[in-house]
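Quick note, the sequences are listed as chains A and B, same order. Take the first sequence: its position 546, counted from the start at 1, is 546 in the working numbering, and no numbers get skipped. Take any residue in the second sequence, note its place counting from 1, add 614, and you have its number in the working numbering.
Bear in mind the hints are in silico, worked out from the structure with no lab data behind them. None of the values given here were measured: they were computed from a predicted structure. Careful: at least some of the hints might be erroneous.
Unchecked claim - No farther apart than 30 Å at their CA atoms in a straight line, the calculated lysine-lysine pairs in the BS3-like style are these:
1) K88/A / K910/B
2) K539/A / K893/B
3) K539/A / K649/B
4) K933/B / K461/A
5) K650/B / K461/A
6) K775/B / K733/B
7) K893/B / K836/B
8) K539/A / K806/B
9) K923/B / K536/A
10) K725/B / K461/A
11) K933/B / K836/B
12) K77/A / K904/B
13) K799/B / K934/B
14) K775/B / K843/B
15) K461/A / K843/B
16) K904/B / K88/A
17) K836/B / K688/B
18) K42/A / K218/A
19) K725/B / K742/B
20) K650/B / K536/A
21) K923/B / K838/B
22) K806/B / K910/B
23) K539/A / K657/B
24) K893/B / K461/A
25) K536/A / K657/B
26) K609/A / K733/B
27) K799/B / K836/B
28) K649/B / K42/A
29) K838/B / K799/B
30) K843/B / K923/B
What the hints assert, rightly or not - Cβ-to-Cβ under 10 Å is the rule here; a few derived chain B residues that face chain A:
31) Q727
32) I749
33) F761
34) A846
35) H906
For each residue, glycine too, the CB sits at the ideal point set by N, CA and C.
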Amino acid sequence: MSAATLSHSADAHVAHHDEHEHEELSFIRKYIFSEDHKTIAKQFLISGLIWAVLGGAMSVIFRLQLGFPGANLEWLKPILGQWIQNGKIDPEFYLALVTMHGTIMVFFVLTAGLSGTFSNFLIPLQIGARDMASGFLNMLSYWFFFISSTLMFISLFIETGPAAGGWVIYPPLSALPQAIKGSGLGMTLWLCSMAIFIVSSLLGSINYITTVINLRTKGMAFTRLPLTIWAFFITAVIGVLSFPVLFSAALLLIFDRSFGTSFYLSEIYIGGEALHNIGGSPLLFQHLFWFLGHPEVYIVLLPALGITSEIIATNSRKPIFGYRAMIGSLLGIAFLSFIVWAHHMFVTGMNPFLGSVFMFLTLIIAVPSAVKAFNYIATMWRGNIVFTPAMLFSIGLVSLFISGGLTGIILGNSALDIQLHDTYYVVAHFHLVMGSASFFGFMAGVYHWFPKMFGRMLDEKLGYIHFWLTFAGVYLVFFPMHYIGIAGFPRRYYSFTSYDAFSTFSDLNMFISVAAIVTFAGQFIFGFNFFYSIFKGRKATENPWSSNTLEWTTPVSPGHGNWPGAIPEVHRWPYDYSKPGASADFIPQNIPLSATPESNLPHEEEEVKALAHV
Amino acid sequence: MNTLIIVASSVLILAILFLLFRVQSLVSILTGSTKKIAGMSNKINAILFPIFFISALIAVYFYSGYASEFFLPKPASEHGVVTDNLFWFITGVILVAFVLTNSLLFYFPYKYQYSPDRKAHFYPDNHKLEIIWTIIPAIVLTGLVFFGWRAWTDITSPAPKDAVVLEITGKQFNWIVRYPGKDGKLGSYNFKLIDATNEVGIDFADKSSFDDFLPREIHIPKGKPVLFKIRARDVLHSVFLPHFRQKMDAVPGMPTSFWFTPIYTTDEMRGITNNPAFKYELACTEVCGKGHFGMKFLLVVDEPDDFEKWYDQQEAFLKKNPDYLANVPSKLRDLALNVSNNSENKLSSF
Numbered sequence: 001m002s003a004a005t006l007s008h009s010a011d012a013h014v015a016h017h018d019e020h021e022h023e024e025l026s027f028i029r030k031y032i033f034s035e036d037h038k039t040i041a042k043q044f045l046i047s048g049l050i051w052a053v054l055g056g057a058m059s060v061i062f063r064l065q066l067g068f069p070g071a072n073l074e075w076l077k078p079i080l081g082q083w084i085q086n087g088k089i090d091p092e093f094y095l096a097l098v099t100m101h102g103t104i105m106v107f108f109v110l111t112a113g114l115s116g117t118f119s120n121f122l123i124p125l126q127i128g129a130r131d132m133a134s135g136f137l138n139m140l141s142y143w144f145f146f147i148s149s150t151l152m153f154i155s156l157f158i159e160t161g162p163a164a165g166g167w168v169i170y171p172p173l174s175a176l177p178q179a180i181k182g183s184g185l186g187m188t189l190w191l192c193s194m195a196i197f198i199v200s201s202l203l204g205s206i207n208y209i210t211t212v213i214n215l216r217t218k219g220m221a222f223t224r225l226p227l228t229i230w231a232f233f234i235t236a237v238i239g240v241l242s243f244p245v246l247f248s249a250a251l252l253l254i255f256d257r258s259f260g261t262s263f264y265l266s267e268i269y270i271g272g273e274a275l276h277n278i279g280g281s282p283l284l285f286q287h288l289f290w291f292l293g294h295p296e297v298y299i300v301l302l303p304a305l306g307i308t309s310e311i312i313a314t315n316s317r318k319p320i321f322g323y324r325a326m327i328g329s330l331l332g333i334a335f336l337s338f339i340v341w342a343h344h345m346f347v348t349g350m351n352p353f354l355g356s357v358f359m360f361l362t363l364i365i366a367v368p369s370a371v372k373a374f375n376y377i378a379t380m381w382r383g384n385i386v387f388t389p390a391m392l393f394s395i396g397l398v399s400l401f402i403s404g405g406l407t408g409i410i411l412g413n414s415a416l417d418i419q420l421h422d423t424y425y426v427v428a429h430f431h432l433v434m435g436s437a438s439f440f441g442f443m444a445g446v447y448h449w450f451p452k453m454f455g456r457m458l459d460e461k462l463g464y465i466h467f468w469l470t471f472a473g474v475y476l477v478f479f480p481m482h483y484i485g486i487a488g489f490p491r492r493y494y495s496f497t498s499y500d501a502f503s504t505f506s507d508l509n510m511f512i513s514v515a516a517i518v519t520f521a522g523q524f525i526f527g528f529n530f531f532y533s534i535f536k537g538r539k540a541t542e543n544p545w546s547s548n549t550l551e552w553t554t555p556v557s558p559g560h561g562n563w564p565g566a567i568p569e570v571h572r573w574p575y576d577y578s579k580p581g582a583s584a585d586f587i588p589q590n591i592p593l594s595a596t597p598e599s600n601l602p603h604e605e606e607e608v609k610a611l612a613h614v
Numbered sequence: 615m616n617t618l619i620i621v622a623s624s625v626l627i628l629a630i631l632f633l634l635f636r637v638q639s640l641v642s643i644l645t646g647s648t649k650k651i652a653g654m655s656n657k658i659n660a661i662l663f664p665i666f667f668i669s670a671l672i673a674v675y676f677y678s679g680y681a682s683e684f685f686l687p688k689p690a691s692e693h694g695v696v697t698d699n700l701f702w703f704i705t706g707v708i709l710v711a712f713v714l715t716n717s718l719l720f721y722f723p724y725k726y727q728y729s730p731d732r733k734a735h736f737y738p739d740n741h742k743l744e745i746i747w748t749i750i751p752a753i754v755l756t757g758l759v760f761f762g763w764r765a766w767t768d769i770t771s772p773a774p775k776d777a778v779v780l781e782i783t784g785k786q787f788n789w790i791v792r793y794p795g796k797d798g799k800l801g802s803y804n805f806k807l808i809d810a811t812n813e814v815g816i817d818f819a820d821k822s823s824f825d826d827f828l829p830r831e832i833h834i835p836k837g838k839p840v841l842f843k844i845r846a847r848d849v850l851h852s853v854f855l856p857h858f859r860q861k862m863d864a865v866p867g868m869p870t871s872f873w874f875t876p877i878y879t880t881d882e883m884r885g886i887t888n889n890p891a892f893k894y895e896l897a898c899t900e901v902c903g904k905g906h907f908g909m910k911f912l913l914v915v916d917e918p919d920d921f922e923k924w925y926d927q928q929e930a931f932l933k934k935n936p937d938y939l940a941n942v943p944s945k946l947r948d949l950a951l952n953v954s955n956n957s958e959n960k961l962s963s964f
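Construct the complete structure from the given sequences, taking the supplied hints into account.
Following this line, the structure appears as structure tokens:
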């Protein structure tokens with residue numbers, strides 16, 4: 001019954017759409033304030049890439065300081081100006097760089113850049129919809145992100161510098177301009193920017209959820225959704241539930257900073273005077289922050305895992321192994337992600353009993369994660385693997401996900417976290433499992449769907465070089481950090497020279513810096529490939545990867561409304577690759593079972609018969 | 615001139631690279647390799663995966679051997695021995711999981727690379743297999759959690775009554791340490807009483823404070839439990855004692871604490887580490903501003919007798935700063951003078 005209603009409204013949509021087909025939009029409505037999900041996706045993609053270059057460049061600058069503590073950096077003066085004093089980076093600016101690198105990478109690149117690009121691009125195309133539920137909200141989502149970006153960008157240029165208290169902006173450091181220069185105007189801009197970012201994220205997420213629930217084409221049951229859509233859908237739900245909590249944390253911090261309240265401040269003596277604030281708790285902020293902060297890890301990671309599921313299945317020419325287990329583990333991870341946040345706080349003075357509880361909950365989350373890793377590997381088993389650059393990045397993701405995830409078992413153990421908390425071991429862990437893995441998912445997605453986005457192909461050979469350079473580079477940068485962390489080196493240190501305990505490993509730090517610079521430089525191969533191929537790449541075909549999902553049934557460059565005719569109906573799940581009996585090694589979702597009697601499984605044959613009787 | 619040469623040569627190199635790229639892409643179109651599903655590149659990528667993995671394993675093996683001397687410094691506390699053992703045990707477990715999963719992950723691309731003569735094996739699921747690899751990690755993790763939980767509850771249990779007590783306060787950008795003096799009780803404090811000399815805001819209306827002393831380095835006795843009471847004055851800091859496997863945030867307005875039992879004196883550690891200049895160090899591990907990386911404080915572990923001797927020699931804050939006698943309520947002033955000057959005088963006798 002509901003399916004009938006749905007198809008009816010879909011037809012109405014088609015009719016409505018056809019009336020407007022030849023209406024030409026102005027340049028501004030078409031490319032700038034566009035309501036077309038594909039254009040908005042590209043806007044997110046290009047903004048995300050620009051931010052990635054900035055965030056990466058920042059890490060190169062602070063790696064210079066860490067790898068070559070004695071070097072004369074006077075040559076950076078034309079860019080950094082007063083932040084270079086006597087050839088050295090100012091220690092406060094070092095902290096600002098670390099803070100901005102984290103903020104930009106987590107929120108602007110891996111949240112907006114990744115989810116924004118692929119949720120927008122793929123949800124309507126893969127579920128068979130003309131566009132998002134609300135094109136207008138979608139447009140607002142991008143432009144709120146743009147305003148938020150602009151504010152953050154401006155904060156880089158002000159005299160007191162951008163926020164510098166770490167990306168977690170723990171008060172009181174972030175609340176008191178006396179404590180650090182970055183907590184002045186820079187922090188105000190950070191908070192405003194993030195508040196607007198949250199608005200953007202919520203508008204986007206609500207739209208994704210609504211679209212997935214309401215606009216699936218006829219036959220596209222939830223059990224036939226590609227795993228990409230499942231991942232985007234669950235990510236959006238996590239976002240809707242957790243981002244408002246960050247908003248409240250930020251709002252209370254704004255109150256403390258500007259209106260004299262004491263939510264997070266108590267018994268503080270700074271700058272030669274005792275402040276009036278009594279009774280606040282810095283731990284309250286940490287609880288609120290990590291209530292978003294931990295789900296945020298999965299907001300960043302789940303879309304990458306969804307993208308990878310799709311790409312590994314397509315290029316192994318095999319169905320994804322354990323489709324339902326993959327959905328189950330996504331749901332499990334999403335649920336658990338809300339009840340593990342305090343593992344970031346084992347040594348903050350929180351009640352040790354809570355520490356025990358959160359240790360148990362944290363280690364449970366390793367189980368669905370392990371299931372995902374095993375299922376990826378099982379998908380490749382006895383496959384017929386084609387190594388497109390997207391496939392390479394997906395395999396890379398699985399490796400990084402395993403390597404980084406395993407050290408989480410150690411960090412999630414509160415007794416061991418005492419020593420390793422806030423050391424480079426943590427830096428290694430989350431850069432592998434969240435940073436690099438998600439970045440690899442992002443890149444895999446770009447390589448895989450570039451043909452549908454721009455109607456042209458990325459150059460494969462450059463893609464291969466880019467992958468191997470990045471893959472080796474990422475391991476060379478982050479794997480050695482485990483050693484430094486086990487030796488106890490604290491993170492966010494400008495230099496280690498004043499400690500005997502941290503006087504070793506200067507050669508390894510130099511090695512990491514060189515690897516980081518080479519890896520960063522390697523990304524320009526992709527940058528060139530990307531922009532060159534948009535204009536001059538080989539022309540793409542409709543379905544270059546012989547894939548099953550609906551987006552490949554659209555024209556090479558889908559126009560407004562995605563399908564020129566009626567929206568295709570869906571008759572099967574998206575993973576009918578190499579089905580026994582079938583002539584080709586893939587059967588797209590829109591091919592009816594009745595058209596493929598040679599390959600139907602027994603229960604599918606029964607379905608065909610049942611339908612014939614109706 | 616140099617700049618010009620650098621710029622010119624970079625432009626030249628980029629131009630050459632671009633030409634190479636164009637030639638390569640034109641050649642691949644002419645040879646028709648763009649039309650094929652998978653050609654030579656597929657084979658190269660397939661073989662690169664196992665090569666990458668094996669060379670990475672070899673590099674890790676040899677470098678770990680070389681770097682192991684810098685790993686976890688020798689644990690110098692009772693619980694540190696326990697957590698270190700647990701750490702290496704779990705590291706062993708995850709290394710096994712790492713090598714197993716990654717071996718398959720890097721071998722399968724080589725083994726199952728594309729061949730036009732073969733068709734992939736349609737294998738959508740296997741419930742038994744999935745149940746097995748859900749339950750095995752669950753059981754292993756339960757075990758690991760159990761050991762960790764036991765260690766954690768021991769470490770975070772309340773300090774023994776006879777523990778040596780000291781207070782450490784973090785501020786931008788150094789630490790201030792206070793011992794309770796002879797009476798074993800730290801005087802109370804109030805952040806509003808802080809000034810340039812009385813840096814932790816000792817309240818001299820409390821007679822427990824009269825014999826409190828503030829040394830320049832921490833001394834603790836070997837083999838006895840030591841309780842650190844931790845405070846912060848301005849922003850978050852974190853007390854990190856790498857050799858003792860101990861870390862706890864210092865939070866303004868919310869005192870925290872940890873306790874541990876040191877097992878090696880500084881002298882013994884000099885022998886163990888073969889480093890005659892060895893010193894126990896305390897570092898800050900919660901970002902606190904410009905000088906975060908320089909908040910070092912030194913700690914000495916003495917034999918219990920030496921510790922007693924050192925403790926007795928320390929001068930009370932009030933003796934060093936007699937001006938603060940003015941803050942003592944007038945009826946307690948004589949007592950304060952006595953207690954702070956006379957180290958033999960036990961406060962408990964009053």
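How the hints compare with the structure:
1. A threshold of 30 Å between alpha carbons decides the hint, and for K88/A with K910/B the separation of about 22 Å falls inside it, so the pair holds.
2. A distance of roughly 67 Å separates the Cα atoms of K539/A and K893/B; the hinted pair therefore is violated under the 30 Å criterion.
3. A C-alpha spacing of about 12 Å is found between K539/A and K649/B, which places the hinted pair at or below 30 Å, so the restraint holds.
4. Under the criterion of a C-alpha separation no larger than 30 Å, the hint pairing K933/B with K461/A is inconsistent with the structure, at around 78 Å.
5. Taking the CA atoms of K650/B and K461/A, the gap is about 14 Å. The hint holds against a cut of 30 Å.
6. Using a Cα cut-off of 30 Å, the hinted pair K775/B and K733/B is violated, with the two alpha carbons roughly 72 Å apart.
7. Note on K893/B and K836/B: the hinted pairing holds, with a Cα-Cα distance of about 15 Å set against a maximum of 30 Å.
8. With a C-alpha separation of about 73 Å, the suggested pairing of K539/A with K806/B is violated against the 30 Å cut-off.
9. For the hint pairing K923/B with K536/A, the CA-to-CA distance comes to about 82 Å; that exceeds 30 Å, so the pair is violated.
10. A threshold of 30 Å between alpha carbons decides the hint, and for K725/B with K461/A the separation of about 22 Å falls inside it, so the pair holds.
11. Under the criterion of a C-alpha separation no larger than 30 Å, the hint pairing K933/B with K836/B is consistent with the structure, at around 29 Å.
12. Restraint check for K77/A and K904/B: the C-alpha separation of about 20 Å stays at or below 30 Å, so the hint holds.
13. For the hint linking K799/B to K934/B, the alpha-carbon distance of about 19 Å falls within 30 Å, and the restraint holds.
14. Restraint check for K775/B and K843/B: satisfied, since their Cα atoms lie roughly 14 Å apart, inside the 30 Å limit.
15. Simply put, K461/A and K843/B have alpha-carbon atoms about 61 Å apart, too far for the 30 Å limit, and the pair is violated.
16. Simply put, K904/B and K88/A have alpha-carbon atoms about 14 Å apart, close enough for the 30 Å limit, and the pair holds.
17. Straight-line distance between C-alpha atoms of K836/B and K688/B comes to about 15 Å, which keeps the hinted pair within the 30 Å bound.
18. Note on K42/A and K218/A: the hinted pairing holds, with a Cα-Cα distance of about 27 Å set against a maximum of 30 Å.
19. This hinted pair checks out: K725/B and K742/B have alpha carbons roughly 25 Å apart, not beyond 30 Å.
20. Between K650/B and K536/A the CA atoms are separated by roughly 21 Å; this keeps the pair inside 30 Å, and the hint holds.
21. Distance restraint check for K923/B and K838/B: the Cα-Cα separation of roughly 16 Å lies within the 30 Å cut-off, and the hinted pair is therefore satisfied.
22. Of the supplied pair hints, the one linking K806/B and K910/B holds, its CA atoms being roughly 26 Å apart against a limit of 30 Å.
23. A distance of roughly 25 Å separates the Cα atoms of K539/A and K657/B; the hinted pair therefore holds under the 30 Å criterion.
24. Annotation: proposed proximity of K893/B to K461/A is violated, straight-line Cα distance about 55 Å (limit 30 Å).
25. In summary, the hint linking K536/A to K657/B is supported, as the alpha carbons are separated by about 27 Å, within the 30 Å threshold.
26. Between the alpha carbons of K609/A and K733/B the distance comes to roughly 29 Å, so the proposed pair stays at or under 30 Å and holds.
27. In summary, the hint linking K799/B to K836/B is supported, as the alpha carbons are separated by about 21 Å, within the 30 Å threshold.
28. A distance of roughly 28 Å separates the Cα atoms of K649/B and K42/A; the hinted pair therefore holds under the 30 Å criterion.
29. About 18 Å separates the Cα atoms of K838/B and K799/B, which keeps this hinted pair within 30 Å; it holds.
30. For the hint pairing K843/B with K923/B, the CA-to-CA distance comes to about 23 Å; that is within 30 Å, so the pair holds.
31. A least Cβ separation of about 5 Å between Q727/B and chain A falls short of the 10 Å threshold, and the interface hint therefore holds.
32. Taken as an interface hint, I749/B checks out: its beta carbon lies about 9 Å from the nearest beta carbon of chain A, inside 10 Å.
33. Residue-level restraint check for F761/B holds (minimum Cβ-Cβ distance to chain A is 8 Å; threshold 10 Å).
34. The restraint placing A846/B at the interface with chain A holds, with a minimum CB-CB distance near 9 Å, inside the 10 Å limit.
35. Here the hint on H906/B is kept, as its CB sits about 7 Å from the closest CB of chain A, short of 10 Å.
Hints 2, 4, 6, 8, 9, 15 and 24, counting from the list given before, are not met by this structure.
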